[in-house]
Structure formats: C-alpha cells, structure tokens
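The listed protein sequences derive, respectively, from chains A and B.
Take 0 as the starting number for the first sequence in numbering that gives the first Met the number 0 and just add one per residue.
Take 0 as the starting number for the second sequence in numbering that gives the first Met the number 0 and just add one per residue.
Since the hints were made in silico from the structure, they are not lab data.
Here the structure is a predicted model, which is why all the values come from computation and not from measurement.
Where a beta carbon is used, it is the ideal one built from N, C-alpha and C, also for glycine.
Each hint should be verified, as a subset may be incorrect.
Claimed, not checked - Straight-line distance between alpha carbons at most 30 Å, and here's what the computed DSS-like set of lysine-lysine pairs gives:
no., chain 1, residue 1, chain 2, residue 2
1, A, K106, B, K96
2, B, K116, A, K125
3, A, K106, B, K106
4, B, K106, A, K120
5, B, K120, A, K106
6, A, K116, B, K106
7, A, K116, B, K120
8, B, K35, B, K120
9, B, K116, A, K96
10, B, K138, B, K125
11, A, K125, A, K138
12, B, K116, A, K116
Said to hold, decoys possible - Example chain B residues on the side facing chain A (calculated, C-beta under 8 Å, incomplete):
no., residue
13, M56
14, T60
15, T113
Number of protein chains: 2
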Amino acid sequence: MELNDEYFMRIALNEAEDAYTEGEIPVGAVVVLDDKVIAKGHNLTETLHDVTAHAEMMAITGAANSLGAKYLQDCTLYVTLEPCLMCAGAIAHAQVKTLVFGASDPKRGYSVYTDGKFPSKAEVRKGVLEDECAELLRKFFAERRK
Amino acid sequence: MELNDEYFMRIALNEAEDAYTEGEIPVGAVVVLDDKVIAKGHNLTETLHDVTAHAEMMAITGAANSLGAKYLQDCTLYVTLEPCLMCAGAIAHAQVKTLVFGASDPKRGYSVYTDGKFPSKAEVRKGVLEDECAELLRKFFAERRK
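The shape of chain A in the complex, shown without the other chains:
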C-alpha cells in the first residue's frame, strides 16, 4: 500500500472514529515522520473536561514526548478537520513542516480569522478524504439533535 496522504488520513479518521465511539466530537490527528506514525490523538474535551484537549494538541504533545524534543520541523500533521485558531497556533509553535487536513471548518477554522493564511511557514494541503471526514462529523451532530 502506498504511503500517501490518503493512507495517513485514514489513520487519523480511525482516531476520529474512536472519538465518535467515546461521545466526543469526532476529530482525529496523527503526526508522521519519515513515513512512520509517531503519535496519534483524538478529541478528548469531554472526557478530560478540558477545552484545550483537541486532537491536534494531543498528537503534538504525544509526538514531542515520542521524540524527546519539542519541535516537529520534519513532521507532517494529518487532521480530519481544519484546525481551529488554538491548534493552528500550536502547530505553528511546534514548527510542523506540513499540515494536511480533511474537511474544512467554515465556522471555527483558522481561515476564518486569518484571511485563509496559515500562521507559520508550514505547507498546507487540504481536502484529503474530505467527504469521509465531514460525514462522520455530520452523523455525530445529527444524532445529538435527535
């Protein structure tokens, strides 16, 4: 199997599905270095009662622990949903090299606040497995509204 963006986004999507199962807004993230996943995370804001426990924050902290270093200059972060402002800031601080996200977030995504510009030199690719990433979120919120 080719180790491309879709391959790693599918692992992030598996994380999002774990979040869904736990009653969390289903967002998942993985950090990849040299074609290896070095950290995974999913949204845990309800479980931890902590608004900062987004998937990206868990994955960044996990990757830093895994590497024993706080900067992720050679890493790619995959996340199923466009990062919010907090996570975009964290990705910038961590000096992540490449950001790949699935679904866009026209309400709370960083783009809303920054005229679409990512707040670091990270290369940004978007729309990878977009429909699947968005569908899981739609399903979650539809069930909540029942």
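On the provided structure of chain A, position chain B as indicated by the hints.
Coordinates of chain B only, in the frame set by chain A:
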C-alpha cells in the same frame, strides 16, 4: 488592599518571576472568579518540552480542574503578556469572560493575526502593569544574549 486589576496582575507577575527563576520565558497567568484566584500558571515549555505549555494554557486547565467544569464564563484571566494565537484560541474556547493582559507582543501576539480583534466575546483590557511585565521579559532575553 483593593482587589483591582493591578492586584491580580501582580500575582500573575509573581508567577512570571517563578518562570524566570526556572529559566523559562517569564510569562505568568491567573484565573480569578468572584475576586478569588482559582488557578495560577506560568510558562513551562522548556521544563515540559511542550510548546503548548504556555502560562495561559496551564491556568485555563488548572481553573477547569478547580471548578470541575470546562467553561470559565464568569472568570477573568490575567496574563503578563498579550496571548499568542494558540492561547487566544484557548481563551475563546473556554469562554473566559474578561481578559486582562500586561505587555503587548507586537511579534507573536494574537493582534498580529486578527487585526487586533479578540476571537471571542471576551472583554479585553490591556496595559496593566505593562512596564513591569515587559521589563522582566527584556531582562530575560538580555541575559540570554550575553
């Protein structure tokens, strides 16, 4: 002693001094509810090898733990330096009612990215003990450059 902005900012400044002593960029924060400090925090990025361990993040997580609730709608967050984008996002997520900061950060403050607009409905007051907050940072960086 009057429990005003300067009073609480001085407690945040004490936290920043603790950071300074520990070799951390000296930024401190406190969360106040009904004139009581419910959480304090200072920058721990070096100690924890974690770029997300900013003073505000520590204080927000601490306040949520202290209250057993993740939203801080009735709280005021005092921080010695203008929050970065990540922390501004976290303050918005936590629904902090009022943000009070000391020194401005013309390089990495949220204002740089948002045209000065804070990304939530929080009331923002700035410049409280500005000189003292800024001086501690200047002293830290001057010593690093020696």
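### Hint check against the structure, violated hint numbers in rising order
Those not satisfied: there are none.
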